[in-house]
Every structure is written in structure tokens, then in C-alpha cells.
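From just these sequences and the hints, can you work out the full model?
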Amino acid sequence: MRWLRRGWRFVRGEVLVLPSRVLVLAFCLGLLALPLLTRDPYVLRVVILSCLFAIFAASWDLVSGYSGQVSLGQALYFGAGAYGSALLNHHLGWTPWVTIPAGALLATLTGALAGVPCLRLRGSYLSLATLAFPLILTGALFALPSLSGGELGLSGLAPLVRSRVGFYYVAVVTMLVSVFAMWLVGDSNTGLLFHAIREDETAARASGIDTPRYRLTAFALAGLFGGVAGGLYAHFVRVAGPSTLEVTLSFQAVIWGVFGGVATIYGPVAGVFLLYPLTELLALVPWLGEHRLLIFALVVLVILRVMPQGVAHWVRDRIERECRRCKARTVATRAACRVCGADLR
Amino acid sequence: MLRSLLVTGLVNGAIYALLALGFSLIFGVARIVNIAYAGLYMLAAYLVYILLNVAGLPAPAAVPLAVAATVVLGLAVYRLVIEPVREHESAVLISTIALTLIFQELVLAAFGGNFLGNPVWADGIVEVLGVTVTYQQLLSLGVVTLALGGVWLVLNRTRLGVAIRATANDREVANLMGMNVRRVELWSAALSAALAGVAGAVVAPLAVIDPLMWQAPLVNILAIVVVGGLGSLKGSLIAAFVIGYVEAATVFLLPSGSFLKGAVALTIMVGVLLLRPEGLFGVAFEEER
Amino acid sequence: MPSRSLHAAALVLAAAALLAAPPLARAEAKADPIKIGIVGPMAFIQGEDAWNGASLAADQLNAAGGVQVGAVKRPVLLVKVDTNEILNVGDATNALERALTRDKIDFAVGGFRSEAALAMQEVAADAKKIFIVTGASLDKMSANVVADYERYKYWFRILPPRSSDLVKASYAMLGAIAAQVKAELGVPVVKVAVLAEKAAWTEGFVKAAQANIPKMGMELVGVFQPSATATDVGPDLTAIKATGAHLVFTAVSGPMGVALGRQAGELRLPAIVFGINVEAQKETFWKSTGGKGNYVSTLNFYADVESTPKTMPFVEAFRKKFGRLPTYTASSYDAVMILAAAVTGAGSVSSDLVVPVLEKTDTIGTSSRLTFDKGHDVTFAPGHTVPLGVQWQDGQLVAFFPNGWQGITFKGVKPFVVPPEMKKK
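Protein chains in written order, with the numbering used here: chain X, 306 to 650; chain P, -3 to 285; chain R, 67 to 491.
Since the hints were made in silico from the structure, they are not lab data.
Predicted model only: the values in this text are computed from it and were never measured.
All C-beta atoms in this analysis are idealised placements derived from N, C-alpha and C, irrespective of residue type, glycine included.
Residues from chain P that face chain R, not an exhaustive set, calculated with beta carbons under 7 Å:
(1) T4
(2) L104
(3) G108
(4) G109
(5) N110
(6) L112
(7) I121
(8) T128
(9) T130
(10) V204
(11) D206
(12) A244
(13) F248
(14) P251
(15) S252
(16) F255
Here's what the structure looks like:
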């Protein structure tokens, strides 16, 4: 009872005061409650895939948005996770409950390895270099068809959970936990150092920060979460193929991330949950369905013209205001800061 | 075999040089990674296809027309899509990616995903050093040389060229010296689009036209400009031949590994980066702001 | 354009099916339609032909009043399922599941890109709905049926035959062509270069080449494996020319097929280009190679020859409606036809009841006699499925095989032509 009351006080005092936090809470509860409303396998499938891509897009944000190392090859981690867990499941017959974490570890290692040559690069250079890694891995996989299945990939993988609703909960919970973890990292000291590296690496270095270590950490973390998403994807679709390493997928991560708003973690998640179901909805309408990629690209282009910072920033700036004195955020309808009482007009 | 390798590498390298130069130019001057450059390359190939097959023009008329149309398109892209968001580096990146997807989808809607080919206008072969070279390849080599020579002349022998190089060197100082930086950037966008157009118009007859044809050269271009040093025109030129020869060598020395040629080129890129992070000829712009 | 208006009509139909309320639909039709999802990349010829072939079948069935199911005749309604699989594999599984749950299709027909087809096989197995493949050749899919019958029994394939059978057929043709080269050019040993895209389906092809070509009394001078997405084989062909090969034995399904025909012609490659080349099976090949693809030859399934008594009526009807020769994904025509027959036989549209009837299918299709083997693949043997060998001869796609092979000669085959370029030497 006391716990409940304390929990309620926390919700009232910390969550309900800010519309953005209310939105997040409603989003989480909505996701958890969805199977109570519908068990339509197609709806659940779209939400499951949205969850997996949300983890993937957020992992892109961690390395690109926070530490400023804009990755154009994020599919490397998705593919490494997918192939890593698929190889273990397919050749050794391990259960997905083991192979997915193992695949994620492999992706972490891949991330750190890819980070090494990138340490000496920055800016656009680094972006272009990262584009190469998934393609090199694809070449290697094609060279070993008996191991990787060549262009067919590895199929007939064991499902993680047989029932759709079961997998739905695995996906939603994994997504919420991973995203919250990434948000914590972003909010921690490490996240602060990522910001510092992005803004001015030399200055950060001059202040005695071991910047290469933090840059590698960013890559490894992106690998970890990208790998989790990839592993889950492989055991959901039950095929791990070269399409998990394609340039298109890397570009998708960038589009979701920038569309939602970088350096926020929740932005890319919002980007995925807006754009992915949108393209699926379009597919339901005959004529629009055939041109959904075109519409998707147009929407992205127009939205970026209107809100170059991304949707999340734009919405947040409309519903909340930041106090100039204490940096706390307050509902836009209020005239004074909720923390220090400063005038917001 | 060595001779075949020499000739094939030369042809490959020259085409890559043409592709990479325009990309490198706009990056060097405006510090913009323009993915839509590859999209323009694809559109130019389709424009030539339309002019030759639908409008029925002869090749000498169709190619300049297609290049001119590509320049107009390139300028429109620059003014309408890139300029409004250029303050946000990542917004430029995804705007140009989205734009390229739009190009791809429009072409897909109009032509379907079929693999098309342009008619061969210059049919015939010659033996060079005992290696068969087609007229089409020779013609491409000639056009590439002309285009590269033209760019060199513009950059080194005209006032505009001086302005472009100055802006590439230091945008702010160039601005302070009274140059109209914005106009210089527009001019380089036009020049860059023209190079994409020439590449699309001249290279396309050598291979196949399809809505996804922008992806493979994009990766090659990126490898080349990174190896050569971003923004360094000389570097891009040399790196284009390095990659051209590496690919040819992969095919000749390891025929059953021909599919690896892209991956080998990219691995070399990573190798170069490890040894010389700024690329072969890049300036180590340590503190640019 | 006839195909455009057909698209429009199909779209209107599909839209009506989506939007019309169930009672209204029932009032209009005599009975609920049998819904068949046509699954494919609709922006590409593979998807387009899967749709075209199936729509011909549906038109014929509906003109005859529909399909007899128990006591009622039910019309056939095709649902266009654009999988976009060539551009995005993830889209394919979503699209099939959408069709299964939203459009409530009873059966699915189509599929092309291997990776996507495998993923869709899983979706169909989960939903326990019949899925007849008309485009992907990998062995793995029928191996699944053998390995786990209960789960995958809903899966069938009409064309193409599994890739290991395709390889066998191409060797039969290779032997015939090599004999002709030997006789006409008087060379003691025929030199063969293998050009196979790097893909799982060509792996058996390459291994067989290394083992069989020397055994067949020929010399293997090189194996070239460009990427499946390559659009330029200039370097490879230059290297092949240097080996002095008489025959370039190909296994190509991607854009390279066009580049191959074109660049071989431009380089005046003095060799026969023969094998599996999906692009060369299309009538657009001549134009896309700028006429340079003369004498290129490939395995094929439809041409203007009588593979079965039903071939020519089908090819002519297809050409009349769509203005060109069908490619192999148009075997969706046969798929819809045997499905309809099996539904009548089972007296139900329930996949579980239709599967046993479908397994016993023995009928003459448009390209072969259709019977299914243990892996639910079409039986591949003389008297059942025999592929054609076709060659481009001055803008015409001419069938040259089977011409006396195992005693089989199809009506309409013409002799194979050795390119004059080879006789100059």
C-alpha cells in the first residue's frame, strides 16, 4: 500500500506534470495493453517489427546522435546480430534464448572492431567509411556459402516463442528495456562525454578525457543494441539473409533517426513508430500501396523542411518550454517555471 | 594477361574518375555529402534512354541535351532541397537520401524494374596491345578525358576556378575577401551535376540501366573519395585509378572471386584509412571550424 | 495499352473487395469468391507475369461460371500482393501476412527472390495455407517439405524446377551444343569457360562443371564468378576471350544477363554463350542489348513450340493480351488451374482438405505434364517437365532443344546456329 502510494506520488509529481512524459507513459501502457484489444496477427507483426527497428534506430542514435559519429553502416550490427545468432542456431542447434544474447555479444565485438579504424576519422569521412563495413561483411559471407548460405541466408531458424502474442511481449519488453537503458546511458556521465566529443573532441581531449575509449564505447554499445534487434529479427522472420546488411537498411536507420530527432533516443523510437506503421497502412490502399516508398520519401523530405531538428524536438518545443534560469521544462500553458518560478513569457 | 589487366584497369579507372570528381568537387567547395549525386547519374542515363528511344534523337544530340537537363535538375536539387537545410549536416544527408529514393521510385513507376540498355552508337573494336577494346569504351575514354580536361581548365584558368578553389580552401576567408560564396557554390553544384550527367550519359551504354543503378557506383565513389582524401580532386583522380586497377586485378587473378571486387576495394579503403586517416592526398583538416 | 487497363481493372476489383461491405458483396455475387493471392514484386516483370498468367486463368474460370465447390459455383477473385521483395525482403513477409489476415486469401501463388520466398514459406506454413511457388528455384524449399512434412505440406512448386534439376538439364544441352561445335569447326577439344553469378543456386552448377566438363571430353579453361548484382562483365569477358574458350557456359539471373549479351557482342567474343540466363528469356532482351545479344542462348520454359498441346493456345492468348511472350513466372496460370481443379475435387477451399487432392494432380499444363514428387516439386523427367533450349537468332527467340534428345522433339524446334564470328578464325 505504501509502495503504491509512493508510486502514485512519483507518477503525479514527475510524470503527469510534463506532457512529453505523459506521452511516453501512455505509449508504454498502450503497447503493453494492445493484445487485450486485438490479437490480429498482422497488427501484432507490424508492432513487433516496429519494436525491433526502434531498438535498431535508437542504437544508431547512441553512436551518431550522441557521440556525433554519424554511422551510414548501422546495418553492420543488425546483420552481425542476425547472422551471429542464426549461425549458432543453425549449425550448433543452440536455443534462441542463448543465441540472441550471443549474437548481440558478437555484434558488440564487431562494433568495437569497426570502431578501431574509425577512431582516426571524423565528420563526413567517418560516415563514408562506416558505409563500407556491412558491404565487406557481405562479401565475406558470400565467400563462405557453406557457412552462411550465400544469398539465401540461413533459413528454418527456431522461433524464439511459438505464439505471436508471446513474441509480441518479448519484443515490447526488450524494446522498452533496451531503449530505457540507452536513454540512461545517454543521460549518464558517459552520455555527457559523448556530447562533449561531438561538440569539440579536441577540447574534450585537452580536458583529460580519454576520447578514443569513449568513442569505442559508443561503437560497442551501438553494436550491442543493434545486435539484439538483429538477433530478434532473425528468430522472428526465421531467416537471416544478406538483406540484413543492405545499404537500404543502414539508410533506413538514418532516416528514422533524423526524422524523429537525434541525440534523444526517444526521437528515433518515435520516428520508427510513426513511419513504419505508416508505410504498412499505405500498403492497405491499392494505389498508394504501390507507391508507398515514394510517399515515404516525400513525407521525410517535407517534414525535414518544416522541422529540420526532427519530429520529437518539434513536438516537444510546442508543448513544453525550457526555463532560461534552471533549464527545467514546463508545460507550455503555464506562465512560470514549475521548479524555480521564473517567468517564462 | 598483364596487358588485358592494364587496359581494363585504365577503362575502369577513367570512368570512376569521372564519377568521383563531381562528388568530390561539391564536397570540397560546399562541404556537402550529396547522395543525390548518384541519383542524378541514374537520371542522366534514363534521360539519354528516353531521348534516344522515345524521342528518336541521334546520339550526338541526345547526350548534350541529357547533360544540360541534368545540370538544371542538379541546380534545382541544390536550391530547393539542400540549401534550405544545409545548416544541419545530418538533414542534408537524409534529404539527399530521400531524394534519391524519390528518383528511384519515379523511374520504377515509369519504366518498371526491367533492365534496359541503350543502343550501341559506336560499334566496332580495335586491338590495343593485343587486347580488344570496343569503340564505345574508347569513346567513353575520350569523353572522360575531355571532361576532366575541361574541369581542370575551369579550375585553373578561370576566375571562377580561382573562386571555387579559394572557397574550398577556406569558406569564411573567401567570403571576407568579397567573393559571393553562395554563387560559387551554385556554380560548383552545376559543374558537379554536369559531371554526373556526362558519367550517366556516357557510361550507361557500356552496361545496364535499371532503377537501382545508383547504389553500386555510390559505394565506389565513396571508397574513391575517402581513399583519395575528401575534397581533394587530385586524390580522387589517382584513387579512381587505384580502385579501377584493384577491381580489374581481382577479376584477372582470382576469376572465381570476381564477386569480391567490391569488397576488396572497400577493404583497401579501410587499409588506407588505418595508415593515413586523411586519405592519400587529403589535407588533415585537424581544426576546421 | 492493354496491360495498363488490365492493371486498372484489377485494382478496381481489389479495391472493391477491400471496401465493399460483406453483405453487399454477397448480394452481387452468387457465392463468396475463392480468393487467391498473387504474390510477387509487381514493379518487376517477375511479379507482373505472375499476375498476368493468373489473371488469364481466372478470366477463363469465371467465364465458365466459376469453380464448382460442393453444390455451388464460386468465382475466382485474385488479390494482388505486391511483395516488393527485390528491394526489401522484410516487405515480402509483411505483404503475405497482410493478404492472409486482412484480405483473407484462401491460397497464395507466386514468389521470386530466394531469401524472400523462404521467409514467405514460413509465413504460409504458420498460417497453414497452400502456397504454390512459380518463381524461386532453390532446392531448400522442397527439402523442407521432405524433412518436416506436417509443417510444410502446404507448399508446392510448378516452375522453375529445383536448381539441381536445372543443372542436369543444362548439361544435356551442353553436350548437344559441344558436339555441333566439334563437327562444324573441326576443333579437337572444345574449351569451356564457366561464368556463374556468385549465388547459392549456382553452387551446384559450378561444382558439376568442374567434375563433368573434363569427363565429357572438354577442357575447362576458367571459372568466373561475378557478383549477382553486377552490371558490368567487361573485365570478365576480356579475360575469357584471352583463354580462347569456344563456349561460355553461364548461370545468371541478374542484370548481368543483359550486360553479358551486350558486351559479348560488342567485344566480338568468338564463343557460344549458353546456359541459364534469365534476362535472355525475356523478349525485351533483344532491345536491351541493343541487338548485340545475337546467338545468346538459354534454358527456357515458354517459346513458340509445342511443349504440350496447351502451350500454343496459352502463349497466343498471353501474347494477344499482353503483347509479349510469357516468362516462367506466368506458370501461375497452371497454378490457378490446378488449384481450381483440386478445390472441386476436395469440395472445399480448406487448405488441409485441398493438399491431398493437389498432391495427386496429374494433368497436362502449359509447359509440362504436372505431377508432384515427394518434395512437392513438379516431376522433372522426360515425359513430365522438359525444359527448352532457346537461342536469339536475328531478333527472334528460337527454340532448338529438345531436338531428338531421349527421343523427344517438340513441334516447332529449329536448329542451333553456331555464331559466324567463330568461323572466321
